[in-house]
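K.L.:
The lines below spell out each chain.
There are 2 protein chains.
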Amino acid sequence: MKYFGGIEAGGTKFVCVVTDSGKEILAETRFPTTTPGETLNRVIDFFRSQNQQMDEPISALGVACFGPIDPQPTSPGFGYITTTPKPGWANTPVVPPLQEAFHVPVAFDTDVNAAAVGEGVWGAAARLDDFLYLTIGTGIGGGGVSNGRPLHGLVHPEMGHIRIPHDWNRDPYAGFCPYHSDCFEGLAAGPALLGRWQQPGDTLPPEHPAWALEAHYIALALQSFICTLSPQKILLGGGVMQQAQLFPMIRAEVTRLLNGYVQSPAIFDHIDEYIVPPGLGGRAGVLGAVALAQQLVASSDAA
Amino acid sequence: MKYFGGIEAGGTKFVCVVTDSGKEILAETRFPTTTPGETLNRVIDFFRSQNQQMDEPISALGVACFGPIDPQPTSPGFGYITTTPKPGWANTPVVPPLQEAFHVPVAFDTDVNAAAVGEGVWGAAARLDDFLYLTIGTGIGGGGVSNGRPLHGLVHPEMGHIRIPHDWNRDPYAGFCPYHSDCFEGLAAGPALLGRWQQPGDTLPPEHPAWALEAHYIALALQSFICTLSPQKILLGGGVMQQAQLFPMIRAEVTRLLNGYVQSPAIFDHIDEYIVPPGLGGRAGVLGAVALAQQLVASSDAA
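Chains A and B, in that order, give the protein sequences. Residues in the first sequence are numbered consecutively from 1, following the numbering used here. Residues in the second sequence are numbered consecutively from 304, following the numbering used here.
So that you can see chain A by itself, here it is in the shape it has in the complex:
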């Protein structure tokens, strides 16, 4: 039996799991994100303690990390959190202390890329080669899979920061993004709901006009993602998407905005199966980290 460790390294909490080859979770812990030193020591303590209890130690670790990060294995900065505004965490090595502690391969990617990979292995995008996982919560992030592999490129995508049309007549709220004011995240993440309506999104009733505007902004962004990536499926997760009434509104608005363009039965006849919630719920990140670890070992074995 091979064991794998998954770490969801979030800005507010860390989740660590040990699994066997499948997604069966054998042990799990979660704790708040404090200083890098203290937090990473808790990660190391957890896996050390697990290793002592199992018939063999973990074969590989995967980290689904808040960012921005350097996920390029060939880069000198590989495995670091880079320029995050989170106090104390800029330029933090995450992979190096894990490699030093356990001497196993460590996979490292953004939280959203990892979640996308996890959804592609066990979740709502199983067996698809081209899809998009988008999380809409305190911020907005996207993980894209193309030809079966996560998008990385120059750094990694930052899908929350695309520009979308801002309907100033309908919505005088200026947006909250410190870099771009009214980019997608600035207009549609959780803090925009609070800023625009002066109350948290989860206290607004389902029939409140906030949700039609929210669905409009999300649909504008989805049109751009559809036209850029041509995904076979779009998974929408995160705190804001806990508002289940948004799904039919977003589907209708995407259909209206595309207006007959991009002719595919997947969009025009089956949009209820095209824009869907994630299959792994809140565990997409940490299970995605496990999937990254498994893929890393599989690709080393194949090489």
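Simulated from the structure, these hints should not be mistaken for laboratory data.
Chain B is faced by these chain A residues, among others (derived, beta-carbon under 8 Å):
#: 1; residue: ILE162
#: 2; residue: CYS227
#: 3; residue: PRO231
Keep in mind it's a predicted model, so treat the numbers as computed, not measured. Beta carbons: idealized from backbone N, C-alpha and C, even for Gly.
Since the structure of chain A is already known, use the hints to place chain B on it.
P.N.:
Frame of chain A; chain B shown alone:
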């Protein structure tokens, strides 16, 4: 010596070339696009005649095709132009008559994906795995390469149809896209210049305010593509981009819009090498078709 045939199947003209294994062009012809039957017969006649003059016949063909098309080799509609508004060309088989005439492998992709692949082999994106080729002319189209392979997904990208903010105060022109009015293409392709300023773009002097607005719209779209795809380089081609004054304006506007986000020296220190013209000029499409044919043969040889 292996010979390859490349076909750039455009809405107004076709270009066919024969090359040896490199990009050396041994023969070339171009003719206007008329009916499907007549046009494809001219293609077949050209390669038949070339085959008779060479020491061996072409090993494979590649087609860089106007669209929308079906580029999925596993699909029953593979090799067809699908729903184009071009009269007479909807649901036209392109690959089947070529396979029947020559009994060789035929690669088939969008004109922009082919151009991107060609630029990745011989042009301005040589040795890059993640980049974007965008053509801005009568329409706008994008070919994206991710992890070394062109983006396909559900259908294929339609990057001209992303939504961008429309500055109504500065620009009351409504946009010309018949599907979305003021999507990127509707605001920034050649016909938008004509519609907005009542004269063709190539008659507007370089200091005309048209170009600052044009650069603004292109930069808004590039911010979305950068945040979605994280390309290592962006190539801008097509008729509108013959206006060389646009390049510095677009680079400055992208820098202004990103506003310090997406921290990469490639963007912040070297944007002159990040947003560039294509390397193959007007031959990107047909040479891309050749590259597709070569890759198809190479992947069959490897399998």
